[in-house]
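Visitor: Protein chains in written order, with the working numbering: chain A, 1 to 204; chain B, 205 to 368.
Because the hints were derived from the structure by calculation, they are not lab data. Since we're looking at a predicted model, the values are computed, not measured. All residues carry an ideal CB built from backbone N, CA and C; glycine is no exception. Where hints are given, some of them may not hold.
[Unchecked claim] Calculated pairs, SDA-like style, for lysine to any residue (alpha carbon to alpha carbon, straight line, at most 25 angstroms): (1) A:LYS126 / B:GLY273; (2) A:LYS126 / B:ALA266; (3) A:LYS126 / B:ALA236; (4) A:LYS126 / B:ARG279; (5) A:LYS126 / B:GLU281; (6) A:LYS126 / B:GLY261; (7) A:LYS126 / B:CYS207; (8) A:LYS126 / B:LEU275; (9) A:LYS126 / B:HIS233; (10) A:LYS126 / B:VAL280; (11) A:LYS126 / B:ALA243; (12) A:LYS126 / B:VAL268; (13) A:LYS126 / B:PRO224; (14) A:LYS126 / A:GLU30; (15) A:LYS126 / B:GLY239; (16) A:LYS126 / B:CYS237; (17) A:LYS126 / B:GLU221; (18) A:LYS126 / B:PRO215; (19) A:LYS126 / B:ARG241; (20) A:LYS126 / B:ALA223; (21) A:LYS126 / B:ARG282.
[What the hints assert, rightly or not] From the structure, some residues in chain B lie toward chain A, with a derived Cβ separation under 8 angstroms: (22) ARG231; (23) GLU232; (24) ALA235; (25) GLU245; (26) PRO249; (27) LEU253; (28) ALA254; (29) VAL271.
The residues making up each chain are set out below.
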Amino acid sequence: MGLLCLRVREAVSEPRDDRELVGAALGGDENAFAELVRRHQAGVRRCAARILLDNEEARDVAQLAFIRAWENLARYDAAWSFSTWLYRIASNLAIDTLRSRESRDRTHSGHLRLVGDRVEPVALGKLGEDEVSRIFDELAAALPPMQRAAFVLREVQGLATAEVATALECTEATVRNHVFQARQTLRRELARRYPEYLPMGGER
Amino acid sequence: MTCEHARELIPAFVGLELAPADERAVREHLAACGGCRAALEEAEPATALALRVPAPGDDGEAFVAAVMGGLRQRRVERRLGGRSWRWLAAAAAVVAAFFAGTRVPRGGEPAATAALSPTAAPAIRPAEGTFIEVEGKGVRLYQLGDPAARDVAVAVVVDPTLEL
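One chain only, chain A, in its complex shape:
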């Protein structure tokens, strides 16, 4: 009977928050850490993928980020949210990878149009997910690593400016500057490569 009561209590108990899971993981509970991975893997993988512009490489980087988190769990400062700490580890790894990566041949001349080509405007909202990812990667290739990371964390992932500043170890003003500069570059590249996705087909 006692066992039955315990099981019922477990079944209806609230999910543990991140800090409780970190505490359990610090005590060696691998299942608790697996739950943290489960909760945050999608966001970490998405950020790594859009910083690196490569899904496969991003998977490896995201995996390494979680392994580093486990190995350095004792250094986690609970004053931060666990996700911010994870994004810090993952974006550092992604930026390092980006900087050390040999330059790749990324020519997209097939998508360039002759100046003066007339295009009809098309709403971005009409695009499928794969097409959005492809266009984003193509445009974001023009961004330097820190701008790209700031834009991805702030605009794609929706982290608060303060969280991005913590993750990238810079000030909030620097984050805003990176995001505004990144937007400017992305708008320019969008107008150059895909004017149909700008309101009025790029004619403003």
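Since the structure of chain A is provided, determine the placement of chain B on it from the hints.
Guide: Just chain B now, kept in the frame of chain A:
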């Protein structure tokens, strides 16, 4: 949040000036409202594009398994780190070379099995009971023996998600 309220907040959203709670509310509204997304596209197409970048495909459990397997692998590597690892690696290589293609019963003499092709892909197949079968070459050897066993056992990790 109403569309009217969302559109009032779009300039501040684009200006990165909203409090986190307001920003979350605007993002949730934009995710569900095509009309307001179109208004955002007018205001800032780069942000509108960012909002539509999808999350990765749903293979979350495979990813979790890969991470947890990676942790175990690193732990074994650390345990076998330094001088003892070198000694164990050398010993494991010798044992593997000697017993390659054989099953090694604990507590008994090695029993010959059918010859295995040396070109076969590296693999480990934990056999029934107390048998461990090693096959092929190029595998990574991490651990020797079960302290409780009298005979040789070789644990070979070829897949980081395998339990040791």
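Visitor: If a hint holds in the structure, say so; if it doesn't, say that too.
Guide: Tested hints:
1. For the hint linking LYS126 of chain A to GLY273 of chain B, the alpha-carbon distance of about 40 angstroms lies beyond 25 angstroms, and the restraint is violated.
2. Taking the CA atoms of LYS126 of chain A and ALA266 of chain B, the gap is about 31 angstroms. The hint is violated against a cut of 25 angstroms.
3. In summary, the hint linking LYS126 of chain A to ALA236 of chain B is supported, as the alpha carbons are separated by about 14 angstroms, within the 25 angstroms threshold.
4. At most 25 angstroms may separate the alpha-carbon atoms for a hinted pair to count; LYS126 of chain A and ARG279 of chain B exceed this at roughly 48 angstroms.
5. Between LYS126 of chain A and GLU281 of chain B, the direct Cα distance comes to roughly 50 angstroms. Violation of the 25 angstroms bound is thereby established for this hinted pair.
6. This hinted pair checks out: LYS126 of chain A and GLY261 of chain B have alpha carbons roughly 20 angstroms apart, not beyond 25 angstroms.
7. For the given pair, LYS126 of chain A sits about 20 angstroms from CYS207 of chain B by alpha-carbon distance, which is consistent with the 25 angstroms threshold.
8. Taken as a hint, the LYS126 of chain A and LEU275 of chain B pair is broken in the structure, with Cα atoms around 42 angstroms apart against an allowance of 25 angstroms.
9. Only pairs whose Cα atoms come within 25 angstroms are accepted, and LYS126 of chain A paired with HIS233 of chain B is accepted, the gap being roughly 18 angstroms.
10. The suggested pairing of LYS126 of chain A with VAL280 of chain B is violated, with an alpha-carbon distance near 50 angstroms, which exceeds 25 angstroms.
11. With a C-alpha separation of about 14 angstroms, the suggested pairing of LYS126 of chain A with ALA243 of chain B holds against the 25 angstroms cut-off.
12. In summary, the hint linking LYS126 of chain A to VAL268 of chain B is not supported, as the alpha carbons are separated by about 33 angstroms, beyond the 25 angstroms threshold.
13. As the CA atoms of LYS126 of chain A and PRO224 of chain B are separated by approximately 28 angstroms, the hinted pair breaks the 25 angstroms bound.
14. At most 25 angstroms may separate the alpha-carbon atoms for a hinted pair to count; LYS126 of chain A and GLU30 of chain A exceed this at roughly 43 angstroms.
15. Between the alpha carbons of LYS126 of chain A and GLY239 of chain B the distance comes to roughly 12 angstroms, so the proposed pair stays at or under 25 angstroms and holds.
16. Restraint check: the Cα-Cα separation between LYS126 of chain A and CYS237 of chain B comes to about 13 angstroms, which is no more than 25 angstroms; the hinted pair holds.
17. Taken as a hint, the LYS126 of chain A and GLU221 of chain B pair is broken in the structure, with Cα atoms around 28 angstroms apart against an allowance of 25 angstroms.
18. At most 25 angstroms may separate the alpha-carbon atoms for a hinted pair to count; LYS126 of chain A and PRO215 of chain B meet this at roughly 23 angstroms.
19. A threshold of 25 angstroms between alpha carbons decides the hint, and for LYS126 of chain A with ARG241 of chain B the separation of about 11 angstroms falls inside it, so the pair holds.
20. For the suggested pair LYS126 of chain A and ALA223 of chain B, the alpha carbons sit about 30 angstroms apart, so the restraint of at most 25 angstroms is broken.
21. Distance restraint check for LYS126 of chain A and ARG282 of chain B: the Cα-Cα separation of roughly 51 angstroms exceeds the 25 angstroms cut-off, and the hinted pair is therefore not satisfied.
22. Below 8 angstroms, beta-carbon pairs count as interface contacts, and ARG231 of chain B has one with chain A at about 6 angstroms; its hint therefore holds.
23. This hint is violated: GLU232 of chain B has a C-beta 10 angstroms from the nearest C-beta of chain A, more than the 8 angstroms allowed.
24. Taken as an interface hint, ALA235 of chain B does not check out: its beta carbon lies about 10 angstroms from the nearest beta carbon of chain A, beyond 8 angstroms.
25. For GLU245 of chain B, the interface hint holds, the least distance from its beta-carbon to any beta-carbon of chain A being 6 angstroms, beneath 8 angstroms.
26. For PRO249 of chain B, the shortest C-beta to C-beta distance to chain A is roughly 6 angstroms, which falls under 8 angstroms, so the interface hint holds.
27. The beta carbon of LEU253 of chain B comes within 6 angstroms of a beta carbon in chain A, closer than 8 angstroms, and the hint placing it at the interface holds.
28. With 8 angstroms as the threshold, the beta carbon of ALA254 of chain B comes within range of chain A, its nearest partner Cβ sitting at about 4 angstroms, so the hint holds.
29. Below 8 angstroms, beta-carbon pairs count as interface contacts, and VAL271 of chain B has one with chain A at about 5 angstroms; its hint therefore holds.
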